[in-house]
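**Student:** Work the whole structure out from these sequences, hints included.
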Amino acid sequence: MYVERASRLAGAVVWSNVPERGAARVLPDGCMDLLWHEGRLLVAGPDTHAHVTDGENGAWAGVRFSPGTAPALLGVPAHELRDRRVELADLWPAAEVRRLAARVNAAPDPVSGLEDLALRQAAGADPPDPLLRHVVAALDAGRPVGATADELGLGARQLHRRSLTAFGYGPKTLARILRLRRALALARDGVPFADTAARTGYADQAHLARDVRELAGLPLGELLVRRG
1 MYVERASRLA
11 GAVVWSNVPE
21 RGAARVLPDG
31 CMDLLWHEGR
41 LLVAGPDTHA
51 HVTDGENGAW
61 AGVRFSPGTA
71 PALLGVPAHE
81 LRDRRVELAD
91 LWPAAEVRRL
101 AARVNAAPDP
111 VSGLEDLALR
121 QAAGADPPDP
131 LLRHVVAALD
141 AGRPVGATAD
151 ELGLGARQLH
161 RRSLTAFGYG
171 PKTLARILRL
181 RRALALARDG
191 VPFADTAART
201 GYADQAHLAR
211 DVRELAGLPL
221 GELLVRRG
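The numbers in the numbering used here rise by one with no breaks, and the one at position 94 of the sequence shown is 94.
By construction, these hints were calculated from the structure, which means they are not laboratory data. As the structure is a computational prediction, the values presented were derived from the model and not from experiment. Be careful, since some hints might not be right.
[Said to hold, decoys possible] Label pairs and their calculated CB-CB ranges:
id	residue 1	residue 2	range
1	Ala141	Val52	26 to 32 Å
2	Arg5	Ala125	21 to 27 Å
3	Arg98	Asp189	41 to 47 Å
4	Asp189	Arg85	29 to 35 Å
5	Ala137	Thr165	15 to 21 Å
6	Glu222	Arg161	36 to 42 Å
7	Arg157	Val18	43 to 49 Å
8	Asp204	Asp54	33 to 39 Å
Positions of the beta carbon are idealized from the N, C-alpha and C atoms, including for glycine.
**Tutor:** Here it is as structure tokens:
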């Protein structure tokens, strides 16, 4: 069973999950997660396509950071973790990770322990770059990448470079992922697929169908059924 709530860390979400048997599909969302599983601490990098789990047993917990904010807290560029799940000890000194894992494991529950860890990291890090928030907001509103770069006074290469560090991929990929999320939200609310495509900036319903299959790995109708 999956449960989430807004975190005390601005823009983040905390969640817990006890997976059912069988594989599960985690769709790309532009975010990175700090994970707890069976006493271990891990990091989920930004995905460019659906991540299919292999039905791992046991409880999971996580802090999902808003797009572009995790690299400053973790001390690693997002593109180095693209489409990867890694042990936190691969990024930070092993002794420090053991100490932090012990603290999370001693908390009343892993979710609150992870949230406290994220809050401590954020307190010692620079505040999020407002430019990155502008990029996310503009692309999530359907603004073209070129127009977004112009608004920020950046060249296309500068925006691409900063996006790789912050989001793990270029702004066009981020825009595509955010558009998919908007489309899925409408489709789950019962909006007809053709109307969903038109309202979220796809050329037509066939374009929406191709993007869903490429990013999520399933046809749109099947994806919605699996989510219930």
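**Student:** Look at each hint and say if it fits the structure.
**Tutor:** Here is what the structure says about each hint:
1. At about 30 Å, the CB distance of Ala141 to Val52 agrees with the hint of 26 to 32 Å.
2. Our hint of 21 to 27 Å for Arg5 and Ala125 holds, since their Cβ atoms are close to 23 Å apart.
3. Separated by about 45 Å at the C-beta atoms, Arg98 and Asp189 satisfy the suggested range of 41 to 47 Å.
4. Range check, Asp189 to Arg85: Cβ separation about 31 Å, and the 29 to 35 Å hint holds.
5. In this structure, Ala137 and Thr165 meet the distance hint of 15 to 21 Å, their C-beta atoms being roughly 18 Å apart.
6. Remark: the range hint 36 to 42 Å for Glu222 to Arg161 is upheld by a beta-carbon distance near 37 Å.
7. With their beta carbons about 45 Å apart, Arg157 and Val18 fall inside the hinted range of 43 to 49 Å.
8. Between Asp204 and Asp54 the Cβ separation comes to about 36 Å, which falls inside the hinted range of 33 to 39 Å.
When held up to the earlier numbered hints, the structure conflicts with none and fits them all.
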